[in-house]
Every structure is written in structure tokens, then in C-alpha cells.
Amino acid sequence: MATHRVKIFSLFERFWHWTQMLLIFVLVITGFGLHGFHHVFSFQDAVTLHTAAALSLLLLWAFSVFWLFTTRSWRHFIPTASGMWGVLRFYSYGIFKGERHPYRKAYWRKHNPLQALAYLMLKIVLFPAIWVTGLAYMFYFAWRDMPHATQWLNGIAEVHTAAAFLILAFVFIHVYMLTTGHSFRDHLMPMITGFDEVDLSPEEEAYLRTDQPADIR
Amino acid sequence: MRASIGALACLLSTALLSGGVHARDNWPTPPATDLQRPQVSGPLQGGTADHTKFEELRGPFSSGPEVTKACLDCHTETGGHFMRNIHWTWSYTNPDTGQQLGKRYLINNFCTNARGNEGMCAQCHAGYGWKDESFDFSDETNIDCLVCHETTGTYYKTPNSLGSPACSVMFEGKPPIDLAAVAQSVELPQRANCGACHFNGGGGDNVKHGDLSSALKSPPRTLDVHMGVDGLNFACTACHITNRHVWAGSRYRVVSKDTEGTGKPGQRTDVATCESCHGLAPHPVDSLARFKLNDHVQSIACQTCHIPEFARGGVATVVDWDWRTAGRTRNGEGYHEEGYIQANGDHRYTYKSIKGNFTYDENLVPRYAWFDGQMLYTTIDTRFDPQAESIEINGFTGSREDARSRIWPFKRMQTWQPYDKGNGTLVYTHLWGEDDAAYWGNYDMAAAIEKGMADFGLDYSGDYGFIQTISWWPITHMVAPKEQALACGDCHAPTGSRLASVEGVYMPGRDHNRWLDIIGTLLVAGILGGILIHGLIRFFSPKNASAGEHH
Numbered sequence: 001m002a003t004h005r006v007k008i009f010s011l012f013e014r015f016w017h018w019t020q021m022l023l024i025f026v027l028v029i030t031g032f033g034l035h036g037f038h039h040v041f042s043f044q045d046a047v048t049l050h051t052a053a054a055l056s057l058l059l060l061w062a063f064s065v066f067w068l069f070t071t072r073s074w075r076h077f078i079p080t081a082s083g084m085w086g087v088l089r090f091y092s093y094g095i096f097k098g099e100r101h102p103y104r105k106a107y108w109r110k111h112n113p114l115q116a117l118a119y120l121m122l123k124i125v126l127f128p129a130i131w132v133t134g135l136a137y138m139f140y141f142a143w144r145d146m147p148h149a150t151q152w153l154n155g156i157a158e159v160h161t162a163a164a165f166l167i168l169a170f171v172f173i174h175v176y177m178l179t180t181g182h183s184f185r186d187h188l189m190p191m192i193t194g195f196d197e198v199d200l201s202p203e204e205e206a207y208l209r210t211d212q213p214a215d216i217r
Numbered sequence: 001m002r003a004s005i006g007a008l009a010c011l012l013s014t015a016l017l018s019g020g021v022h023a024r025d026n027w028p029t030p031p032a033t034d035l036q037r038p039q040v041s042g043p044l045q046g047g048t049a050d051h052t053k054f055e056e057l058r059g060p061f062s063s064g065p066e067v068t069k070a071c072l073d074c075h076t077e078t079g080g081h082f083m084r085n086i087h088w089t090w091s092y093t094n095p096d097t098g099q100q101l102g103k104r105y106l107i108n109n110f111c112t113n114a115r116g117n118e119g120m121c122a123q124c125h126a127g128y129g130w131k132d133e134s135f136d137f138s139d140e141t142n143i144d145c146l147v148c149h150e151t152t153g154t155y156y157k158t159p160n161s162l163g164s165p166a167c168s169v170m171f172e173g174k175p176p177i178d179l180a181a182v183a184q185s186v187e188l189p190q191r192a193n194c195g196a197c198h199f200n201g202g203g204g205d206n207v208k209h210g211d212l213s214s215a216l217k218s219p220p221r222t223l224d225v226h227m228g229v230d231g232l233n234f235a236c237t238a239c240h241i242t243n244r245h246v247w248a249g250s251r252y253r254v255v256s257k258d259t260e261g262t263g264k265p266g267q268r269t270d271v272a273t274c275e276s277c278h279g280l281a282p283h284p285v286d287s288l289a290r291f292k293l294n295d296h297v298q299s300i301a302c303q304t305c306h307i308p309e310f311a312r313g314g315v316a317t318v319v320d321w322d323w324r325t326a327g328r329t330r331n332g333e334g335y336h337e338e339g340y341i342q343a344n345g346d347h348r349y350t351y352k353s354i355k356g357n358f359t360y361d362e363n364l365v366p367r368y369a370w371f372d373g374q375m376l377y378t379t380i381d382t383r384f385d386p387q388a389e390s391i392e393i394n395g396f397t398g399s400r401e402d403a404r405s406r407i408w409p410f411k412r413m414q415t416w417q418p419y420d421k422g423n424g425t426l427v428y429t430h431l432w433g434e435d436d437a438a439y440w441g442n443y444d445m446a447a448a449i450e451k452g453m454a455d456f457g458l459d460y461s462g463d464y465g466f467i468q469t470i471s472w473w474p475i476t477h478m479v480a481p482k483e484q485a486l487a488c489g490d491c492h493a494p495t496g497s498r499l500a501s502v503e504g505v506y507m508p509g510r511d512h513n514r515w516l517d518i519i520g521t522l523l524v525a526g527i528l529g530g531i532l533i534h535g536l537i538r539f540f541s542p543k544n545a546s547a548g549e550h551h
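Respectively, the protein sequence lines represent chains A and B.
Going by my numbering, the final residue of the first sequence carries number 217, and the count climbs one at a time with no gaps.
Going by my numbering, the final residue of the second sequence carries number 551, and the count climbs one at a time with no gaps.
Check before you lean on any hint, since a few could be wrong.
[Claimed, not checked] Here are the computed lysine to aspartate or glutamate pairs in the EDC-like style, where the Cα-Cα straight-line distance is at most 20 angstroms:
(1) K7(A) - E205(A)
(2) K157(B) - E66(B)
(3) K292(B) - D45(A)
(4) K110(A) - E205(A)
(5) K352(B) - E337(B)
(6) K110(A) - D199(A)
(7) K482(B) - D45(A)
(8) K292(B) - D145(A)
(9) K292(B) - D511(B)
[Said to hold, decoys possible] Sample of chain A residues at the chain B side, in silico, Cβ under 10 angstroms:
(10) H35
(11) F96
(12) L153
(13) T180
[Stated by the list, open to error] Some chain B residues close to chain A (C-beta under 8 angstroms, calculated; not the full set):
(14) D295
(15) G509
(16) H512
(17) L523
(18) I527
(19) I537
Honestly, the hints are just simulated from the structure, not real lab data.
Here the structure is a predicted model, which means the values were calculated and not measured.
Every residue gets a Cβ at the ideal spot worked out from N, C-alpha and C, and that includes glycine.
Chain B extracted, bound-state conformation (with noise of 0.2 angstroms):
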């Protein structure tokens, strides 16, 4: 009963506060339509607390695992829930193929491995101070916050060991960070936060995934629809719903066909499909043509059209890497090469001794194929055929028979890297550290592999080569406007159809029969020549004159 005084109490008090029309309206309970409005990327909207006048964050801060116990002390809970999700782990097991999946043990075809060079690779670790197998993933005052949440744009990481004296001068004479302000600024996650890593996967910007770049961070809508600041200006979580610090949305699991949609308002919080907001029946249907478009819903997902190119806003993807040409010197020292310029004027790297070399693309067209959201991934303990022309790291299935299949756009990739030559199997290689060995500063290949699979106690003929790898990355963000989206022509069409390759099924306007095609047009010919021959031989005829008299 004092509960409920209590509530109508809380109620009358939000009416009289609010006043006018708008407190009759939310009079008694605000109505059940009004959904649960996405985050937006930008300050906190409706919260309760600043964070600028608690006590506990004036500082001063010493090191960031000092905010952490911080920010712990009063988020309780926050620490447990962390530590169980991705971006703490870096590991992730299929459930379906029982795989060993993450960052933590993949290769993939970028700067290959993450393991063994975590005193570089873990700066993109939401944690502090992993260089190494002994890193303490149960301690939480290693989890870093303000990666994620902190606003000044002034915090930044380093890797987490020293590396090779080469490389380590690159992240020397960057001003302090002002702990207590960063600690002080924390926002939910903006997209400049996300995107701190995310949007430098593979070693630089759009590297890696080709739809996610630094031009999201204020995209314009024209670039992304949801995300642009002149419209919905969506943060990555409007869509990554959160819960308890585990995210929607993933690629190791694709969901590739939502069949539930938006569920009852409030519901369909788990996961990061378009169709949880949009519906089933995305296309309001005023035409026949929306009628058609949402029966295409069933097989074609909506990234297909609505992701017209990728590596849009002028950062460039990288499309083709070469690992062989890799190691390459100018006395005695490494360099790089600048020789791409992309759309926003700045220049790419093409050469880096490192590296080696890498083939920029901007504006491009997916492949497209059939997807039922499963990767198969060729890790570390996959074997093949040594002498195969080249290996999918992540291969798919799906087909038209496969009911969660839908027709999906993706970044393909491909990379000539090494492998062991006498397994036939990917390598770990040792790229970052202090030792002879580490490749970046040393630039031995061989002795690079030998330390990176000896470090993990993994079985290396001793014989390593380059071997030409594929990755597959499904195409996801940079949503056109709608008015951008593909036409049904671009993929309808005898000639140049955005699916051309797409096998198991008829696509009127794509297939034909050739021979129907003939013949019918054959038919049809001989049917005018028929005419045209009749009606000579009449107009000829000598009784032409009376054959329309009438009768």
C-alpha cells in the first residue's frame, strides 16, 4: 500500500512538474507506444547522475586500473558482468562447431596473429597490461573503462610492452593524459569510442572491415543513415543493445535471417538485426513494388540493397595484401611507402617493410552470396593441402535450400601470407617483442615463425611459405538512405546483375531459357513472314480484285 502511495505520489508530482497538455497525455502511466527511444551518440540523455561531481573521481589518478577501483566502487556489479564478455576474453567458442573462436587465438589474413604479440595487439584490449600468457584475466581492476566511456577524446593506449626499439619510437612524446578529466567525462559509449578500435581494425583506418572507418564518427546521413550527426546520429549501442556489458551483434555468429522482428514493444533487445526494428515488413506498402520488396525480406538480407558500396566517405579499405614482399630494407632499416590517396585526401600506405605491401579500394561493390550466418574458420590447428591455391580463413556456407540463408553483401580479402609448407597449416608469428626474433624490427620471417608456434608448443615443419588466403567479411554498416538503395533493375538484368554469381534460384529479368528464347522468337518471326508471304501472294493474285469484295 505505501508502495503505491508512494508511486501516485511520484506520478502527480511528474504531472504537475511537466504541466500543460503534456502531463494530460502521460496521465496516469506514459502510453504503451512509446518505445524505448536508441541511444544516440552524445551526451547522456535522462540520467540521473553527473560524474563531474562525485568525490570519488577528482583524483588523482596514477594509472587507469586506480579509476577502475574507482569506478567499481560504486558500479558493484559492473566488474563480474565485464569479464564475461568478448571484448575481456578475446575468446569465443561456436556453439554449433564447437570451434575455438576470438581474437585471442585466430589468424587472420591482416597482421596475421594476435597471439604472442599482445604487447602490441592488446592496446585494442578493453583491459590493462596484457602483453603476455600471464595476464590475469579474474583481476577487474585490469578492465579498462574509460577506453569505452570516457568523452575528452584526450585518452589514448599504448602497447603494452616495450617491442622492438624500431617500432616503439612511434608512440613516444604523446602528451599525459589527465586521468582525473577522462575519469570525470564518462558517457555512454560514443562512436568515436567504439570506433577507436573498431574503426582501425587490421593495423589502420577501414583496414580490416571496409564498412566501418573513421568517417562514422560524424558521418554525414548520406553516409550512414542511422548514424548521421544531420540525422538519427545513432551511437554503435543503439543497435549493440547492451546487457550487462555483453553485446548484440556478432560476426563469429551471424544472425542471418531475424524471423522473430520487433517482438511485443519492450522485447527483441538481444540482438542487433535491422529486422528487431524494423519488422518483417520493412516497406510500407503503398505500391506494389513495397509489396514485392518485403516478400524479397525471405531471401535477400537487408544489407544487400540498402548497402549499395562500401568503404563509403572517403577512407579506403584495404583489399589485397602481400605479405611476401615484407622485410624489405634501406640501410639496414625499415620504411614505408606512401602511394594512394583516398577520397579525403590523405595518403595511405602502400609499402611497409613490416608488412609488406597493400592494395587500397574505396566505393566498391560487395560480392554477394548465399549466407546462413555460420563462419567456418581455418584456425591455427586446421590442416590442409599444402598445395592448395589458396584457403578461406573464414569460409561460409548457405544456399538457397537453407532456410536461414539469405543473399548477403561481404568484403572479400585476400592476402598472400605465410604458412607452414610442410603441415599445410596457418603459423603463429612472433611480429612484436624485445627479442632477435620478433619480425617487426628484425624482419627474419623464419625465425619470426619458429618463435611464434615454439611460444605455444605448436608442431612447425621448420619449412615456411606464402600461401594465398581469403577472408570474408559481411557488409553491415554504412546503411544508404533509402533513396540510394539498389533499384529492383540492378539486380533484375539479362547483363551486369549485382547477383550474377548467384546461384539456385530463377531471378526473372537475370534467366532465361535460351532455347525457349529461340524458339519462341523464331515462332514468332515465322509467324510475320507468314503474313507477309500470304499477303503478298493475295496482292498478287490475279483475282486480287475480287477477293475483298464482300459478299
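Bound conformation, chain A alone (with noise of 0.2 angstroms):
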């Protein structure tokens, strides 16, 4: 096993994280807006640029899904026990401590277990329950003559509300995160340039530099 620089994040996965950025940046700022905590925007402003950015988001989720399954990466996501605690004890012990952090990424496997569990985490239930709710949100008025819409506004307003909290709280978390280990800035860079630090077997190495030669430095 070798470290190499590899090219991990590709093109699509960049765009779709910056533009995904961007999008809940709006969104959270427009979101809390519509629920009266801040008047930045008047109301109109705030419900239009919030529906506009939310469309957005669908569409580049519902790429983002193709491109997951089509491109097999879907498995970097893969939920696993293997090394969870070593990260939990990073984090909480071992940071302090000036430890090396005890995760190495592989070809295979971009993502520490944490990161891996909580990216999962937010794509299966936080994403889903803002989006879901947010549609039936918007379209309100579509099913506002069955019986109990009232209520159930009331309960798809709440979940939507809570979700919003809680993907704001992951985002100050995630953006935490840059700073441990590696520098920020070396947590950074590969979202832009796309390469990191890799252990790669060496057929996997063979690999790339007989098939994807521009993918390794």
C-alpha cells in the first residue's frame, strides 16, 4: 500500500456540492426568513427564491441519484461498524491530543465510517423529509379540500421546520470538520481540485496509471 494523490471527486461530484451549497445556503436563509426570524427579504422575495432554489435542488438531486447508482459510488456510502470507534475516539480524545487521525482514505471508501454514516444519514432521512415536505408545503392547495389538511399542513410544517434546524446544524458541524486533521484548507482543496491523498493497493494504482493516467499524480 502506497499514498498517492487520486483523483476522487469528480467533475459532476464537485459541481454537485458547490451548486448543493449553494442551493441550501438560500434555502436556510430564505427558510428562516418565511418563518419570521429575520426580514431580510419581504415575504413574496423570500417564498420565491426559496421555491426557485428548492426546484433547484430536486433537479440536482435527482442527477446526483443517476449519477450515484450509474457510476457504482453509491457504495462509498455504504454504512460500516469497521473503524467507527476509532474516529469517535479521535474526535473526542485523541484530537486533543495531537493523534494522527486514525482514518485512511481508499479508492474505495473516500470517507471515514462517521463521515460516511452521517452523509447516509442525511441523504435517506434529513433530505427526504425536508423535500418531502416541502413539496406538500407548496402544493397545499392542491389537497387543502381533504379531510384534516389543516392538521396535516400544521404536522408537514413542523417536520419541514425541524429538518431545517437540524440540516443547519450539520452544516456548522461539517464546516467545523475542515478544521481537525488536516489543515482547512488541505480539507478544502480536494473538493475544488478534486485529487487527495489516497492508499492505493498496488492493482489498483496499476490500474489508474494504465487506464486513467490523468487521474493520478
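Build the complex from these two chains, which are given one at a time in their own frames, with help from the hints.
Take a look at the structure:
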């Protein structure tokens, strides 16, 4: 095993990540404005921006789901307990002692176990919670004549708001994590250039050098 | 065959006469999309008769009914049509509730009751001479055609009976009416015609409705986007579509949610709803916000956003009336006091011996509530708890759960008015008359109620008091231009929402779960705090130097 600089984030992944970041930023700002936490935008402008950003994000997600499954990249997010303890111990103890981060990126495992689990939960719990309730919210007038529609809307609004708080919490942790282990810059650059330090098996290295020479430096 | 040749000849001549490009456009028949144009408040458009040339209208006429006879000589069926409408009958039986309504029977919380006071009140009856129960509702020559159709502005009505000398002086010394000139001036009704009564409901300009005032005779577009003289200049009948002298639009039975819209071209001439012209998706969908606005049509009456304030245009409305103070005299005579100057500069009476105290207001923000269109009246027959704090003259129902209901704007009118304390009923008060019991002139409330009730054989305990009554007036006129309509944030706001009191619906921006917000805020704040602590420990850790080391 040897460490190499390998392209682990394709152009689409990076586009996905940064567009998603921008849209979530807009959604959080306008969403909490709509909720009455601030009055930076008029209600009408906030609704317009929020809805436009939400629809754009749904479109982006549709492409990303397609991408995840056609490129088999979804396998990066399969949860695993192996190595989890080491990561948890590092963040709650080892990091203060100046220990090295216990996780080594592999070519087919570019996230550490905690990261993979967090992203998976985001993808299958929080994001669906917010977009399913968001769509129901947006199309309220299509189902307003169903029985108990007001109570449903109330519940939907609460789930939507709760998910928004949790996503905001995720964003803060996510950004803070960039400052741990490596330097902030070292954490950030892979998502810009696509390249990061990865442990490659001789077979993986040979494969990349032969078939995808542009992806290994 | 002959008919079709005739039609062809007619079309040909029309085409030749009108000439040019336009003629080709209209050949062979006018396009189906050329919708009926709304009635404007002004000279007749496209009529085929000039009433000034009619022999029958040369006069001279010595009375109104003589003019009516002349009208009916040509308009042979109009009398029969007219006598079926509410302007004539003053009577309406609600088909849903079975309640006997109509001005003839109802009690309101302004001058209270027309019944027994027709000598005065029936000045606004579209007929001649209704002063008591003996009026002949089957005599079509009693119809007053002129009040609605004359356009000289010189026609006026006076009370049908003398009343107390103290009151009748008000109507003396008016110039005589040139009935022939008035008769020759007839047109379709203009705003001033309808307004002669409807702008003065409740005994004065805009007293009753709040959204119907003399300001609408020649309003700017900013006061009413449809009636504005510098805009569409609609007559009342542009919306209150008329068929055989029966008008669309009723306050007794309101169409709170029109689900049919415009119908096919040429249809929908039976309602006065906004949707009958503007359709069910009235906002052009050129933005996301407009898309949402069209959704709102299901829950919100058009009027709610498009009439942000009423009693605009300089004329105030009465919002509070207190009959308890009526009857004060100076040197044995009634008097009045001016105490309010409205925006157009006119002074308004704030006290009259005959009526009590009034409170005025203008540019009012309406009250908002779910409304299903059904008004439930407290009539003379309704019994209520005499100890009640207040009585709704016309309560209404409606809720989020009801498919017909929408959120409507209302004027709320509040009055202290006489009632039968013993029986718990409203009372007919005998206000107008030549006798000693008539309140106007004699100022004896006990005698006036005694007679008002006795004249109609009504049960009266003999013990009257004053009770607070509330009436609700759906606001539907004084539609502002769209740029003045409410913005989303006027209702979708945590504080100061226009719809703060409207229940049964979750409104984004207005509503929130307090606990969810607290927990969510604490969570995010906790995360930030945790990050801060974690970061500080890292920063001050003895082996900090290697913590960021690259592996």
C-alpha cells in the first residue's frame, strides 16, 4: 500500500457539492426568513427564492442519484462499524493529544465511517424529510380539501422546520470538521481540485496508471 | 330563406357602411371572442332609440306615476318584470334558512326599522307613495322609473308622508322637478342613480356600508379601479348584471366562492362575482408568486387582498352608534352637533337628538373571517337572552373546513339600540309619523316602541332597554388598483398579520410551533457552543503543534 494523489471527486461531484452548498445556503436564509426569524427579504421574494432554489436542488438531486447509481459511487456511503470507534475516539480525545486521524482514504472508500454514516443519514433521512414535506407544503392547495388538511399542513410544516434546524446543525459541524486533522485548506482543496491523498493497492495503482493516468499524480 | 337573405343583406350593408380594414375583420360575423362590453356609467352605447324624440315623453306631466304610464306604454312588459325585484318588494325569503328578510321586515343597527316608518324610509323604495300597509304593490304605475334612469341630476324624492313638523321642514323649499325634461333624459342607470339610495344607506353618506359612498359618483381610478372615471368608468350594472330588472349580487345570500368562473363566452351573466369576469385563475402566471396567488383564490376572497382599506376617498363611515343618548333637547327642540371633519373637508354630525351619537372612521382596515355566504339575521321574531352582552344583527358562518367558505373582509358596525328587555327581542320603533308617539319630533322612546310594536300586533313586554348590537358588512367595493393590493407579508407575518385572528389554518410566517423553535434554536446554539469548546480545547492543548500535522 502506498499513498498517492488521486482524483477522488469527479467534476460532476464537485459541481454537485458546491451547487448544493449554494442552494442550501439560499434555502436556509430564505426559509428562516419565511419562518419569521428575520426580515431580510419580503415574504414574496423569500417564497420565490426559496421555491426556485428548492426546485433547482431537486433537479440537482435527481441527477446526483442517477450519477450515484450509474457510477456505483453509492457504495462509498454503505454504513460500516469497522473503524468507527477509532474515529469517534479521535474526535473526542485523540485530536486534543495531537494524534493522527486514524482513517486512511481508500480508492473505493473515500469517507471515514463517521462521515459516511452522517452523509448517508443526510441523504436518506434529512433530505427526504425536507423535500417531501416541502413539496407537500408547496402544493397544499392541491390537497386542501382533503379531510384534516389543516392538521396535516401543521404537521408537515413542523417536520419541515425541524429538518431545517437539523440541516443547519449539520452545516455547522460539517464546516467545523474541515478544521480538524488536516489543515482547513487541505480539507477544502480536494473538493475544488478533485485530488486527495489516497492509499492505493498495487493493483489499483497499476490500473489507474494504465487506464486513467490523468487521475493519478 | 327570406330570413337568411335579409340577414345577408344586413351584414352586407353593415360591412359596406363601416368600410375599410375593419369591415373585412368583421366579415362574415363578429368574432366570437368579442365579449360583451361592460356597462359604463355614461351615455347609452349603441342604443337604437333617442328618448328626447319620443312624443310620449313631451309631457307635461303632473306626477311621477304619469311618467311611469308613458314609460310602460312602450315598455309593455317592464312593469311585470320590475315588480318581482327586491327594489320593489323589499322582501326576500332566504331559501336556505327560510328566514323572512328584506328591508320591509328587518331591523338593522342604524335607524333600526323601516317597518312602520315607510313614510320616511320608503323614499328609497323604487315606487311612489308607500307610506303604510295600504300601499298597492300590484299597481305598476306606482313604479318609479325615473329614480334609476333619469340623468339630469335634478330629480329627487321626498318623504311619502308628512311626519312631524319638526322633521318635515327639512324637505321644504326644494325646486320643482321638470318631469318632462327628466323623463326625456332616461338612460341606463349611472352610478349617481344607484348611489342616490345606496350611497346614503343608514341615513347619510356612506353611513352604512363603508364601501359605498358619494365618492364613487366620480371616483378616480385609485379609489375604485373599475369605476374610476379616468379608467374603466363602470356603471354599477357592469357587475350587477341585470336581466329583466333583476340584479345579480345579494347581501342576503352572498356567493362567497365562485367555482364556475367566466364560463363560456357569453355565459355567466347571472352573478356579480369577481370570478365571473376575471376567471378562477385571475393572476397571469408569469412568476412563482402569481402561481401561489392563484392557489390562494381557494381560501381568500379577491376582496381581502384587493380592498386593503374601505371608507376611502374622503367620505367617512359610521362605526359606532349610540341610541342611548338620543332624545336630548334644547328649549324643547331637537338639535344636532358637528364633531367630525372627514378627509374631503365635509363636517359630519356626531350627535342628533333624533338618533343619538355617532362615531366615524375612514380608511379602515377591515375585519377578516371565514365566510360561507350565509347571513343569519336576528329578526323581529328572534328571541335572545335579554342579559346577553351583545347581539349579532347578522351573524354569519364559515370555516376552513367548509368548502364554500373563504376569508372575507368585513365592516363591523356596533350600536347601542333599543330592545324589549322583558321578552329578549329587538323592537320596531315608531320613528316617523304625524302622531304624538313618533319618536322624531316627540322624543319619547317608550311611546315610540309601544306603538311600533302594537301597529304590527307584536308581543311587547312594555319594558325596553338598550342592548349592544353588531352587524357585519362584507366589503366588496372600492377595489384598489393592483399595485395597492396587499403584499404577502401583510398576512404572512409573525406579528401584525392582517389575518392574525383567522383560525383553522396554518399560515407560513404567521404560525409556528413555539417549542419546535425553542428546541431548534437551542440545538443550533448548542452545536455552535460545542464547536467553540471543542476548538478551544484543541487550541490550548499542549500538543497543539502536531494536531494539524499532515500524516
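Violated hints, by number in ascending order, as checked against the structure: none
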